[in-house]
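Engineer: Each chain, letter by letter, is given below.
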Amino acid sequence: MRKAKVLRKIVFVAAVLTFALSRTASAHHSGAAYDMDYPQTLEGTVKTVNWTNPHITFVIEPDAKDGKPAETLVFEVSSPGVLTRSGWTKHSLQPGDHAVFHYAPLRDGRPGGFLMKVTLPDGKELSFSFSPTEQ
Amino acid sequence: MSVVSRAWAAPPDLDGVWLPDVKDQKRQEKENVPPWMPAVQPQIAHLAAEEKAGRPFLVLSHCLPHGMPSWMVITHNAFEWLTTPGRITLLGEVDGNRMRRIYTDGRPHPEDPDPTLHGHSIGHWEGDVLTVDTTAVAPQAYVAISEAVGVPNDGDMRIVERFHLAAANVLHDDLEITAPKVLTGPWKTTRIFRRYPDRHYEITEGECEQGDLVTGKDQFGNDIFVSHPQNPDGSVRTAK
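Here the protein sequences line up with chains V and G, keeping their order. Numbering-wise (my numbering), the first sequence opens with residue 559 and increments by one. Numbering-wise (my numbering), the second sequence opens with residue -18 and increments by one.
So here's chain G without its partners, still in its complex pose (with noise of 0.2 Å):
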């Protein structure tokens, strides 16, 4: 007897490279906001105004990964999505270490974790759709809806994720966060991906740190990178 249920069935592929909906990022930075606490309200204020103004703080300045959920949420670039037995990975584009793991393994998140920005992360798979249970992610990882506009979560967030394919190539990531420092309750959004297998996509190796230095020799003749003193003068860097 030959029994086909719909547990048993191969979960879809999502390998290969996504491409974020930034234009949606943007729609919903005025459509989607996130339900901040009274207190968080005036900071966020003050970074929308400052922004408008041309004075964008800089959620981004000092090199870090995004962190979770601001990787899925504000990314402006591409990631690879891998699956390998047991886990999947997520390797982004730009700043050192973009990295997710979501364990597939069956495994519990660890009793006493080490916070770290983008979390632990287990998933498991409900038909087509992978749902992903993210914890233990570091205090100062942001809560942003623009790369202006965000507060650090300030611990005890909790992110649920359900992947799925809403067509062939468009990935949609339904988040729900929960941050009770900041939120004064889940906000829920959705963000959209894209892949184009026709256009063999790669994503690069992308040291943000690359941009304070440049190339230079040492004592020996050796090429290595040297820093680079702040000058006045031809830089395009913004002050935070």
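Extracted from the complex, chain V is given alone in its bound form (with noise of 0.2 Å):
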């Protein structure tokens, strides 16, 4: 199961945990390195918000489950302008902040995907388009 594979993948960074949390991507590009064909879910809580150009970052940490440690993946999203357009503020998600995540998975199987929703505690959802027609 992909979702399984996954998460196999995911390392444990605790210990340099500071790069995984600041690292955000370089560049915009093509979606392409991420499967859209298998969209995943997880719930877990922001650690970081990289909300910068060109590219937005949320680092994420998913629920702790069967007392597995915590294992932190990286969600890229669309950039600050777009989602600003969208109904977004800087302040939409905030470290600490606890939601499920919709995304698409690194098609290479590193701990991160493109963000494609979010559903608050409230039920409230956050996502974005690039033209208020598609909202």
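Calculated directly from the structure, the hints in this document are not laboratory data. Treat each hint with caution, since some may be false.
To be verified - Some residues of chain G that are not near chain V, with every Cβ distance over 12 Å (derived):
no.: 1; residue: Pro(-8)
no.: 2; residue: Asp(-4)
no.: 3; residue: Gln9
no.: 4; residue: Gln22
no.: 5; residue: Gln24
no.: 6; residue: Gly67
no.: 7; residue: His153
Claimed, not checked - Just some of the chain G residues that point at chain V, by a computed CB distance under 7 Å:
no.: 8; residue: Gly35
no.: 9; residue: Pro37
no.: 10; residue: Thr159
What the hints assert, rightly or not - 30 Å max Cα-Cα, derived DSS-like pairs, lysine-lysine:
no.: 11; chain 1: G; residue 1: Lys7; chain 2: V; residue 2: Lys675
no.: 12; chain 1: G; residue 1: Lys198; chain 2: V; residue 2: Lys648
no.: 13; chain 1: V; residue 1: Lys675; chain 2: G; residue 2: Lys4
no.: 14; chain 1: G; residue 1: Lys33; chain 2: G; residue 2: Lys169
no.: 15; chain 1: G; residue 1: Lys11; chain 2: V; residue 2: Lys675
no.: 16; chain 1: G; residue 1: Lys11; chain 2: V; residue 2: Lys682
no.: 17; chain 1: G; residue 1: Lys198; chain 2: V; residue 2: Lys605
no.: 18; chain 1: G; residue 1: Lys33; chain 2: G; residue 2: Lys4
no.: 19; chain 1: V; residue 1: Lys682; chain 2: V; residue 2: Lys623
All values derive from a computational prediction rather than experimental measurement. We treat Cβ as the ideally placed atom computed from N, Cα and C, and that holds for glycine.
With the hints as a guide, bring both chains together as one complex.
Structural biologist: Below, the structure written as structure tokens:
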């Protein structure tokens, strides 16, 4: 199962968490590195918000299961301009926020993906589109 | 005697923030393919295969502006159209210095231009249509159909655009791209942009390089950006 494969490959990176938390995408690029055909969902807590160009990234700590140590994933999403026009602000997701994350995983199995939608505890959903007719 | 001719009518107001129709861009990736030269076709086929395999070539990985014509053709971000006497300025979003100046004061192209990523653009109104001629584009500027598929124009490119309103807030940019080093003939494509006055959209500052930096302090305690070392974990960077 793809999810299991992805999770297996997640490395516990506490020792280098600083690197993992602060590294962001370089330049904007095709989304082909993400597998849109296998959307995944996980619940977790926001560790870091990189509200920056060219693409925003969030570092997420999935909910611990079966006593396993926390593992982090990096979710990339579109740019501050596109998200702002889609109704987000830099405060929409903050460190410590718990939510359900819907994402397309990286094809190479590294711990990350392209964030498609976030469902907050109150049921509110955060997503984005390039033009408002798609919202 | 009062004579009102079309030539004296005020051109349409195109000022505002315009959002690209990305869905139509995607449609044209398949349905309006440039006439690539035979020597270029294997490159394009390879790039398309790499993208399909999840290893996209990164046309925009260098933090340079898209350049022309890619800015108009493949951008996912908004631009702001500003009309001032003698020139029209397009301000882009993301990637520093994404800016086009279209001179409308009647000047010609320079005789000995310094090629730039956006080239040198001169425009004039023909009724409700702004015709723009662009030359002096740097040979490194891509002719691209997506963020993963495109080739440098390799020089001598000329772009003729016809900007016009298809509806009150729908802008069409009819492009005719002549790139004799990579195309067998002119490539014609129309790119669609929309504005939403009621939403009061703004373009945001977007410095691509910030993606490679983190905030920090210098030895005096000043707030600065510092380079961040590449790391194998947590990075969403894809290899070029």
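Engineer: Would you mind marking each hint as holding or not holding in the structure?
Structural biologist: Comparing the hints with the structure gives:
With 12 Å as the threshold on Cβ separation, the claim that G/Pro(-8) sits away from chain V holds: the shortest Cβ distance comes to roughly 25 Å. For G/Asp(-4), the shortest C-beta to C-beta distance to chain V comes to about 18 Å, beyond the 12 Å cut-off, and the non-interface label holds. Separation of G/Gln9 from chain V is adequate, the least Cβ-Cβ distance of about 15 Å exceeding the 12 Å criterion. Listed as outside the interface, G/Gln22 is consistent with that label: its C-beta sits roughly 20 Å from the nearest C-beta of chain V, beyond the 12 Å cut-off.
Every CB of chain V is more than 12 Å from the CB of G/Gln24 (nearest about 16 Å), matching its label as outside the interface. A cut-off of 12 Å between C-beta atoms confirms that G/Gly67 is not in contact with chain V; the least separation is 28 Å. Every CB of chain V is more than 12 Å from the CB of G/His153 (nearest about 15 Å), matching its label as outside the interface. Given hint, G/Gly35 at the interface with chain V, holds; its Cβ is 4 Å from that chain's nearest Cβ, closer than 7 Å.
With a least beta-carbon distance of about 4 Å to chain V, the hint placing G/Pro37 at the interface is held under the 7 Å criterion. Checking G/Thr159 against chain V by beta carbon gives a least distance of about 26 Å; that is not within 7 Å, so the hint is violated. Distance restraint check for G/Lys7 and V/Lys675: the Cα-Cα separation of roughly 21 Å lies within the 30 Å cut-off, and the hinted pair is therefore satisfied. Between G/Lys198 and V/Lys648 the alpha-carbon distance is near 22 Å, which keeps this suggested pair within the 30 Å criterion.
For a cut-off of 30 Å, the pair hint linking V/Lys675 to G/Lys4 stands: about 19 Å separates their Cα positions. Taken as a hint, the G/Lys33 and G/Lys169 pair is honoured in the structure, with Cα atoms around 25 Å apart against an allowance of 30 Å. Under the criterion of a C-alpha separation no larger than 30 Å, the hint pairing G/Lys11 with V/Lys675 is consistent with the structure, at around 27 Å. A distance of roughly 36 Å separates the Cα atoms of G/Lys11 and V/Lys682; the hinted pair therefore is violated under the 30 Å criterion.
Proposed proximity of G/Lys198 and V/Lys605 is supported: the alpha carbons are some 21 Å apart, at most 30 Å. Distance check on the hinted pair: G/Lys33 and G/Lys4 sit about 18 Å apart at the alpha-carbon level, within 30 Å; holds. Of the pairs offered as hints, the one joining V/Lys682 and V/Lys623 holds, with about 25 Å between alpha carbons and a cut-off of 30 Å not exceeded.
Checked against the numbered hints given earlier, the structure breaks hints 10, 16 and satisfies all the rest.
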